[in-house]
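**Student:** Residue numbers (UniProt numbering): 1 to 161.
To be clear, the hints were calculated from the coordinates, so they are not data collected in a lab.
Just so you know, even glycine gets a beta-carbon here, dropped at the ideal spot from N, CA and C.
Worth double-checking, as some hints may not be accurate.
[What the hints assert, rightly or not] DEER-style ranges, computed between Cβ atoms:
hint	residue 1	residue 2	range
1	E30	C155	40 to 46 Å
2	R120	V87	22 to 28 Å
3	E70	A137	21 to 27 Å
4	D157	E35	40 to 46 Å
5	E30	H112	29 to 35 Å
6	A34	G123	17 to 23 Å
7	P76	A137	40 to 46 Å
8	E70	G158	34 to 40 Å
9	D157	E70	22 to 28 Å
10	P134	E49	37 to 43 Å
11	C155	P76	30 to 36 Å
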Amino acid sequence: MSKADPEATPREFLPHDHAHCVSDAMAAAESLCAESGARLTPVRRRVLEILLEGHRPMGAYDVLSRLDAEGLGSKPPVAYRALGFLVDQGLAHRIERLNAFIACPHPSGQDHVAAFLICRDCGTVAEVPSAPPPLPAGFQVEQTTIEAVGLCTACADGPAT
Numbered sequence: 001m002s003k004a005d006p007e008a009t010p011r012e013f014l015p016h017d018h019a020h021c022v023s024d025a026m027a028a029a030e031s032l033c034a035e036s037g038a039r040l041t042p043v044r045r046r047v048l049e050i051l052l053e054g055h056r057p058m059g060a061y062d063v064l065s066r067l068d069a070e071g072l073g074s075k076p077p078v079a080y081r082a083l084g085f086l087v088d089q090g091l092a093h094r095i096e097r098l099n100a101f102i103a104c105p106h107p108s109g110q111d112h113v114a115a116f117l118i119c120r121d122c123g124t125v126a127e128v129p130s131a132p133p134p135l136p137a138g139f140q141v142e143q144t145t146i147e148a149v150g151l152c153t154a155c156a157d158g159p160a161t
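Please build the complete structure, drawing on both the sequences and the hints.
**Tutor:** Following this line, the structure appears as structure tokens:
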């Protein structure tokens with residue numbers, strides 16, 4: 001099996017300080033919301049924290065289950081509204097193929113075209129930058145989702161011997 005180039009491999013697929021991912025994303029979220037005047041309410045903040053706990057997408061009902069267990073809401077609209085806010089603010093993305101959500105690892109407050117690499121074995125998802133496709137003159141893209149399914153470096157290489 002070939003070893004991947006660590007420089008080209010998304011950090012989500014490599015051992016890393018995940019606490020750094022979380023703190024950077026939360027700081028960016030707080031800054032972006034303050035700049036735009038959007039309210040990062042306690043429920044919205046907690047949903048983002050839940051999504052940031054791992055590089056794995058979560059369904060709305062998984063998020064709702066966590067919120068309910070923490071006394072933050074038990075009705076589906078609570079989760080869907082918070083997730084919708086996070087997506088609208090560019091703080092999270094919806095992974096169409098999985099009908100799930102994942103926190104944006106580098107929110108910028110601007111729309112960006114991202115591609116999602118989904119490991120079919122371990123379920124880890126990495127967001128990588130992508131160039132917009134060439135378009136006919138005058139066509140305005142409102143949403144783009146690029147999702148690729150395969151094996152991450154660790155799963156492709158198999159267990160270490």
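**Student:** Which of the listed hints are not met by the structure?
**Tutor:** Hint check: 1, 3, 5, 6 and 9 fail, others pass.
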